[in-house]
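A.B. asks: The chain contents come next:
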Amino acid sequence: MLHNKSFVRKTKSGKITKNVREHYLRDDIHCGFTACKSCVSSAARLSLSPSTVLILDTNVILHQIDLIENPAIDDVVVLSIVLQEVRNKNFAVYNRVRALCNSSVRKFYVFSNEHHKDTFVQDMAGESKNDRNDRAIRVAAQWYQNHLKGVANVLLITNDKENKRKAVEMGISTETIETYIKSLGRQDLLDLIVRPPSEDASMEDIEDLRPSKRRVIYAEHKPMSEITSGLHRVIYHQGKLRVNRYNPFEAYVGSESIGDEIIIYGWTNMNRAFDGDIVAVELLPQDQWQGENSLSLADEDDEEEGAHLVPDSADDAPREANPRQGSNGNANLPSLPPSGRVIGIIKRNWHFYCGSLEPMPMPAGDVSVAHALFVSKDRRIPKIRIQTRQLGNLLNKRIIVAVDSWDRTSRYPSGHYVRTIGEIGDRDTESEMVLIENDIDARPFSSQVLACLPPLPWSVSSEDLANSIRQDLRHIRAFSVDPPGCKDIDDALHCIALPNGHFEVGVHIADVTNFVHPGTPLDDEASQRGTSVYLVERRIDMLPKPLTEDICSLRADVERLAFSVLWEMTPEAEVISTRFTKSIIKSCAALSYIEAQARMDDSRLVDPLTTDLRNMNALAKKMRLRRIEKGALTLASAEVKFQIDTETHDPLDIGMYQIREANQMVEEFMLAANISVAEKILKHFPVFSLLRRHPTPTKEMLQPLLCTAAAVGVNLDVSTSKALADSLDHAVGDDPYFNKLIRILATRCMTQAVYFCSGDLSSPEYLHYGLAAPLYTHFTSPIRRYADVIVHRLLAAALGICKLPTVFQDRPQLTSIADNLNYRHRNAQMAGRSSVELHTLIYFRKRPTDTEARIIKIRSNGFIVFVPKYGIEGPVYLTERNEKGGEWYVDEQQQQIKKMDGSATYGVLQKVQIHMEVVELQPNRPKLQLTLI
Amino acid sequence: MEYVSPEGLRIDGRRPLEMRKLHAEMGVVAKADGSASFVMGNTKVIAAVYGPREVQNRSQQMSDQALVRCEYSMANFSTGDRMRKQKGDRRSTEISLVIRQTLEACILTHLMPRSQIDIYVQVLQADGGTRSACINAATLALADAAIPMRDIVTSCSAGYLNSTPLLDLNYVEDSAGGPDVTVGILPKMDKVTLLQMDSKLPIDIFENVMQLAIEGCKAVATYIQEILLENTKQLEYHRGV
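Taken in sequence, the protein lines are chains A and B.
For reference, each letter of the first sequence is one residue, going 1 to 933 in full-length UniProt numbering.
For reference, each letter of the second sequence is one residue, going 1 to 241 in full-length UniProt numbering.
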């Protein structure tokens with residue numbers, strides 16, 4: 001069975017070494033056919049009697065992956081050499097192919113041709129790596145052809161002319177991907193084919209007869225070797241390109257080498273870079289640097305951003321481009337931000353884009369292939385040229401498009417159609433777009449996942465009661481306080497006055513890990529989803545519904561399993577002792593925040609439950625005070641709440657989300673539980689605890705806040721979180737909303753908190769800045785966050801209740817889980833916001849409104865306002881769109897915009913009256929327009 | 001890094017439970033009392049045994065048993081980069097000690113008091129698992145030198161990468177930094193004389209991996225027994241029996 005064959009490989013790692021590796025050739029690798037008589041068929045994946053078996057070459061897989069993912073392509077043999085090449089060239093595509101090979105519904109078989117004794121090919125002298133691999137593919141195809149003689153046809157799919165010619169010489173039947181799809185007779189699939197750029201250019205000629213169109217529009221990208229040496233000599237600067245949300249013709253590249261942001265104006269300078277690409281940038285000569293004026297809101301192409309939701313943190317907000325001016329203080333010599341141009345793209349960030357086709361008349365006559373321009377929903381993405389055979393069908397649809405290439409001669413990148421989402425304007429379609437854009441898996445749970453659930457109806461069994469690790473707390477008067485209509489109740493509380501005058505306070509968290517065991521499909525799915533996603537009209541669960549709403553949910557008057565944190569506290573809210581235990585509880589009431597607040601406020605009520613609530617509230621207030629003394633920030637967010645029509649699901653009303661004392665009370669105890677758990681798990685597992693940290697914001701990040709504050713005469717001290725908290729408290733203006741506004745602006749300067757593995761960082765970095773807690777983690781919502789599930793397992797292991805799953809002994813794996821959680825968490829937030837934005841739009845479509853707004857940022861031709869009532873932020877223009885500047889000028893120091901004749905002045909944080917209306921300046925892109933009254 | 005593909009093949013084309021190709025030869029150093037070479041894939045070692053002979057350093061002489069000495073070294077050309085390996089570095093001292101202790105457990109030292117047995121092992125080509133290969137070669141050399149032993153000692157390594165137990169790690173797999181369990185057994189007596197592990201493993205997985213290594217040792221033992229038998233037949237033939 002073992003055939004030993006060693007061969008020589010040279011690798012370069014600083015110096016040239018000669019590596020010798022064994023390479024065993026085998027005779028037990030089967031062809032993957034169920035019907036094959038000579039091979040063992042246990043691992044067979046191909047169908048019983050396929051008419052044709054496809055063998056794809058590397059470039060076909062790399063470029064046509066969207067097509068290959070279509071179920072029409074099946075019975076494919078993927079050669080291991082092809083997989084290896086794909087892996088080296090594009091890891092994302094590799095993962096997609098691997099997913100296809102593992103999927104039980106698709107018939108993809110991986111044939112290890114490199115280890116098969118008949119298909120292994122020796123390197124030949126003077127042959128390049130690519131040629132050798134192509135030869136290996138042909139040899140394998142030939143082997144298949146002989147092996148399956150009379151059973152099935154073997155078809156080698158390659159778009160490489162040379163490869164095809166040689167294959168034909170060897171007697172292998174080959175097709176290009178186009179001819180193969182044509183032979184299938186599936187018109188719709190033809191749209192999915194990616195065309196090579198050269199072909200594309202020639203088609204453009206036919207389409208557009210203007211000769212000027214062929215001219216070179218963009219500068220050539222520098223070769224990689226030149227970029228690398230340029231980066232070394234600090235001629236070029238590397239960084240991630242971020243396109244301005246307000247103006248797609250302007251982008252920033254954060255560069256470490258010059259420690260500042262380089263601004264890139266216009267598409268010519270951006271040179272075909274997309275938002276999120278890692279690019280190499282060259283600085284322009286200083287006299288070409290542009291000043292403040294160009295940082296205007298509008299742009300050349302009649303496009304502008306409508307109003308949108310207020311970003312929650314610095315990560316989301318468009319970056320302030322000119323942070324230095326304010327600190328400089330010298331208005332006569334404004335130092336301009338460096339501008340540059342992109343000279344090469346180091347790593348592309350191309351993915352799928354959602355949007356629609358630009359409306360165009362149907363081409364006259366019977367033209368089978370039409371060219372169309374795709375307009376992404378995300379304004380930062382340029383229009384994308386696609387070819388389609390189903391133009392009439394797609395014009396009123398939301399579609400997904402992938403980018404293939406961007407030629408120097410073409411103004412727009414070219415791409416191909418991937419799939420249709422649905423009708424434009426349909427709420428379900430638009431909601432689904434939100435999900436797709438944020439990479440959220442909203443598919444129903446698979447049968448394997450559902451098989452992991454306990455049988456329904458579930459109730460606490462006698463085994464659970466008898467289990468010695470589980471404390472019976474059913475006699476305790478526990479209750480839950482949640483938003484109204486909440487079905488996934490994952491926390492309950494109790495508070496008992498002890499005889500010695502102290503209080504026993506308990507936080508009971510749903511015991512999700514009792515049902516979700518590590519290594520099961522259920523656990524894998526949950527760890528992939530990472531978090532539940534809350535959209536305005538629906539919720540996408542992390543765990544299947546029976547767990548979320550029934551088995552784990554700590555509903556009133558049913559016995560449920562819980563993981564409890566119990567403290568003994570003095571009336572001054574000092575913690576005497578902390579205890580953790582698994583438990584069984586029976587909640588006596590599921591209150592909403594409003595109910596709980598009403599009970600506490602109603603002095604006539606003296607029932608035990610209300611007394612408990614009042615005691616807890618008193619404790620919570622003291623804890624909160626202590627936390628604030630330590631420097632925790634009270635930040636404000638502009639969260640809004642919709643009232644949704646139960647029938648049509650249209651929004652009926654929006655308003656700011658009101659925060660009551662009851663909310664703060666519950667929050668306080670959850671924070672305390674999280675902190676207690678964080679301390680406990682870190683003590684037991686110093687290297688692989690999952691914690692949550694909130695990095696201290698840097699000076700630069702707080703700069704915009706300081707600028708604004710200074711302009712309105714408030715002095716903020718940002719040296720520590722304590723100082724900032726205090727100065728925020730003192731920032732009281734004459735109107736009641738002023739303080740909240742400052743807090744909202746402060747919130748925006750912060751980065752987001754992130755999960756991390758404790759072994760990856762040193763302990764000063766564990767700090768949670770916003771809460772002023774040296775340690776923090778998430779423990780209290782295991783039904784809707786996977787991080788909490790992990791923390792539950794860690795805590796159970798720390799208590800010796802169960803064994804630690806093996807995942808935790810692998811730090812890289814834990815780090816990758818933490819990264820995924822951060823990614824999912826962020827996406828869930830973005831999706832939630834997009835959903836709110838979408839519903840805001842639907843709401844205002846029928847209701848143009850006049851309302852009060854605050855100016856939060858001054859621009860050269862207008863300002864950006866914040867509408868407190870609806871949590872909306874958007875630009876207001878003072879000048880007509882086509883005029884530049886004109887009679888207005890900006891006072892940078894005062895953060896004011898003044899009319900030349902001095903008749904009108906608008907300053908930052910000033911109150912203005914605006915009119916809000918939904919307009920559709922561009923087809924299929926409705927937006928909220930704000931105008932000054 | 002992917003050490004086991006989803007198709008169940010390792011980088012070099014073996015399946016997880018397969019060993020590399022074995023090859024052994026006896027009597028490769030004519031001058032020594034006993035010698036052998038042992039090849040596991042691309043790992044090639046040579047062992048020579050001198051003794052039992054008079055103790056060179058009188059102070060080390062023991063009146064009730066033989067003194068066993070072992071010296072492990074790597075040839076300068078044994079790895080890709082031709083570095084000068086100085087003698088007596090920490091690694092080779094450690095391996096020398098390990099080999100000596102493992103073999104001492106099976107040599108009937110009390111039969112040869114006041115004498116000394118020298119075992120020299122040298123790695124000619126290194127590709128992972130040199131420790132195991134050295135022990136296997138030394139066993140054969142001891143047998144060749146007709147030194148009385150309780151049983152032969154055989155050794156094999158096993159590791160755990162990509163959540164799969166792997167038998168007989170080669171250099172690439174060895175340098176992955178995962179757990180690497182080396183086991184030496186007395187196959188007939190079914191006893192373990194050597195157990196070493198790098199890195200960490202949960203206990204239940206460790207038992208699996210160790211069991212796998214023991215299976216490997218048994219396979220090596222079968223092979224070594226074949227070689228011994230063949231060698232004996234050769235000797236018979238030469239004597240003209």
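These aren't lab readings, by the way, just hints derived from the structure by calculation.
Wrong hints could be hidden among the right ones.
[Stated by the list, open to error] SDA-like mimics (lysine to any residue), calculated; alpha carbons at most 25 Å apart, straight line: (1) Lys-200(B) to His-23(A); (2) Lys-545(A) to Leu-453(A); (3) Lys-117(A) to Arg-15(B); (4) Lys-21(B) to His-684(A).
If you're wondering where the values come from, they're calculated on a predicted model, not measured in any experiment.
A.B. asks: Starting from Lys-21(B), check that the Cα of His-684(A) is at most 25 Å away, please.
C.D. replies: Roughly 46 Å separates the two Cα atoms, so the pair is violated.
A.B. asks: Tell me if the straight-line CA distance from Lys-545(A) to Leu-453(A) falls inside 25 Å.
C.D. replies: holds, 10 Å
A.B. asks: Is the Cα-Cα distance between Lys-200(B) and His-23(A) 25 Å or less?
C.D. replies: violated, 29 Å
A.B. asks: Under the criterion that the straight-line Cα-Cα distance not exceed 25 Å, is the pair Lys-117(A), Arg-15(B) satisfied?
C.D. replies: Distance ~15 Å between Lys-117(A) and Arg-15(B) Cα, so the pair holds.
Violated hints, in rising order: 1, 4; the structure is consistent with all others.
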